[in-house]
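If you read the sequences in order, they're chains Z and B.
Going by the numbering used here, the first residue of the first sequence is number 1, and it counts up by one from there.
Going by the numbering used here, the first residue of the second sequence is number 327, and it counts up by one from there.
Simulated from the structure, these hints should not be mistaken for laboratory data.
Certain hints may be false.
Unchecked claim - For lysine-lysine, the following BS3-like pairs were computed, each having C-alpha atoms within a straight-line distance of at most 25 Å:
#	chain 1	residue 1	chain 2	residue 2
1	B	K518	Z	K37
2	B	K518	B	K528
3	B	K528	Z	K307
4	B	K518	B	K467
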Amino acid sequence: MTDSFLPPELLRILFAAICAIVVVFGNALVMGYLERKFAGRFQRRPGPMEVGWQGLLQLAVDGVKLVGKQLVIPRQADKVLYRIAPIVSFAPAVLPLLVIPFSPKLQGRDFDIGLIFILAVVAINVLAILIAGWGSNNKYSLLGAMRSVAQNVAYEIPMLLTLLSVILVTNTFSLKGIVAAQEGLWFILVMPVAFLIFFVATVAETNRAPFDLPEAESELTAGFMTEFSGMGFSLFFMAEYTYMFIACSLTVILFLGGWHGPPLPYAEYTSALWFFLKVYFLLIVMIWIRWTFPRVRFDQLLNFCWKYLVPFSLVHLLVTAVVLKI
Amino acid sequence: MSTTPEFREHRYVLNMGPQHPSTHGVLRVILEMEGEYVMDPQPVLGYGHRMHEKMAESRSWPGFLPNAARMDYLASLIYNHGYVGVVERLAGIEATPRAEYIRVITSELNRLQSHLLWLGVLVLDLGAFTPIMYTFEDREKILDILEDVTGSRLTYCYMRVGGVVRDIDDKFIERTREYIKWQRSRMPMYDKLVTGNIIFRKRVEGIGEFTPDLARRYGLTGPVLRGTGVAYDIRRAEPYSVYPDFDFEIPTETGGDCLAAYLVRVREIEQSLRILEQALDRLPEGPFLAKVPKKIKLPAGDATYAVESPRGELVYHLTADGSEVPYRMKIRVPSFSNLSILPEVCRGMLLSDLCACMGSLDLVIPEIDR
């Protein structure tokens, strides 16, 4: 690419960004379909069946419907905040995909601080939810937003503490480095407790049932999303699925050995298959949890975090540090 | 919690309903909130008011029969039963033995489907979507059975003074027996999926507790009262129809909280199945409708007839002045009294607990508003 009008590095980033957006939309489609199909199966019904073979095109049709909807802005709402909230939620969701190593070669860019970058970017979602709740000027929305902030701030702590345990072992924040360190031995076998804490915390971070209090449709109608319809709603919707994807990707990178798996031809690229298989396995577990359990109560949620997850992750960090020193 | 003015300043009013996912109908509750805490819930009624009692007083008494089914759409047959019961008592008519058995069988099926719907809806209020699909699968079987004999699926108008409108056949009996077997096989699954679920238990244990004394003062009846340890069930306390013939228990729990009301209802499902089995075994032969004159004039006087609806004590009080049109009809519905305890019990509760509490009261709003 010597005669390119763009420097190759910029071209690479551009290409990675486009791929990331494709992954976001593709993931939303696949997850939307999987969620509805699995929910159907758990409830002894077939799920979507009418549009396309086995209802495969249902999500596309739904997408068209959502795009075609009028953008309704409630009269009392803060118009600017109300409009930017879905974008603030959705836009950062694309960024982490640039640093996630799907396979040894399939990665937008390998940062030394990739892990911190992801955590920082994902945290913006809390702000988006707060903006949405405040801007809607609806009490249910505001309650949902308040819950969301308390929940996300609380659950970030055990999440970060368990991350630190992994970092102590690998000595790097680079996602590639963390995966490379798991060659032969996945960290889930070394630190099963950390995996459990991390996974529970990610379920809470992504506002999924049984921790879906910000949405809690039986109490708060739809929480912070109450006033949103059409594309505003679907951006939140896609952002949620993307954050789930990112959370599960992080879990796979940190504990399930990333792209490692039985050898494949052209493994530098094709081993992304193992990565995606593991991620979707975790996502299906999340769906399974959602359609099985009732919702926890707000105080129970915070108690669970502060009384169990935080102490356990602290002790875990301490034990890891001591063991490593020895 | 203090109610001094400076605390009140932090309060805001949240309008829950009439359209809200967990008020299940057109109930409106005005909540005075302090953060997530409900400080003062005030139910507002009347969005579904259709003047059923007045309608009963402005037309000849058979004209009210279809109305009876439309007050509580989940216990239509039991409402049918109460209404024909009070007319029979006033006019001195006896239904045939077979008719009484058929009434009990269909009423119990009706009770079962009401309890099954409630089971799903309570868990739905607590945030689990799946159990309601399972209970609907069971409920669908009951509705199919009842549809065959009554002709409708929800608002039945099946009972007549002196009997019922159509006889049940062998196919009905066979299907009901199959259903009993099916329902028994499903209960262990609900035990595992709902009753044994730790999140569910934490959500309902100790929530909305009240004492038998408080329950009495507010006139609570039905499973909510039995959850406080009082074995009060009209089928035993004031036996009607052929209920004395059957061997069944009145399940009680002592907790007085949402969990107790839940457990009582789940155990009642088994008791209803027992009644059904016995009634099907002993079903007498004979006419299903007594010979009654075409036009019955209600003699002047009063009559009261109480039946046990899935939600509690349902009382019809009929005053007649000798004409065909009742002079006054008073219906005492259980949900109305059961709802009245809400402000007392739910004060200072979290919003999520209020949903659990309303779910365990098993409110049917058209019945409250009538």
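Do the hints match the structure? See the list:
About 23 Å separates the Cα atoms of K518 (chain B) and K37 (chain Z), which keeps this hinted pair within 25 Å; it holds. Taking the CA atoms of K518 (chain B) and K528 (chain B), the gap is near 15 Å; set against the 25 Å cutoff, the hint holds. A distance of roughly 16 Å separates the Cα atoms of K528 (chain B) and K307 (chain Z); the hinted pair therefore holds under the 25 Å criterion. With a C-alpha separation of about 22 Å, the suggested pairing of K518 (chain B) with K467 (chain B) holds against the 25 Å cut-off.
The structure agrees with every numbered hint stated previously.
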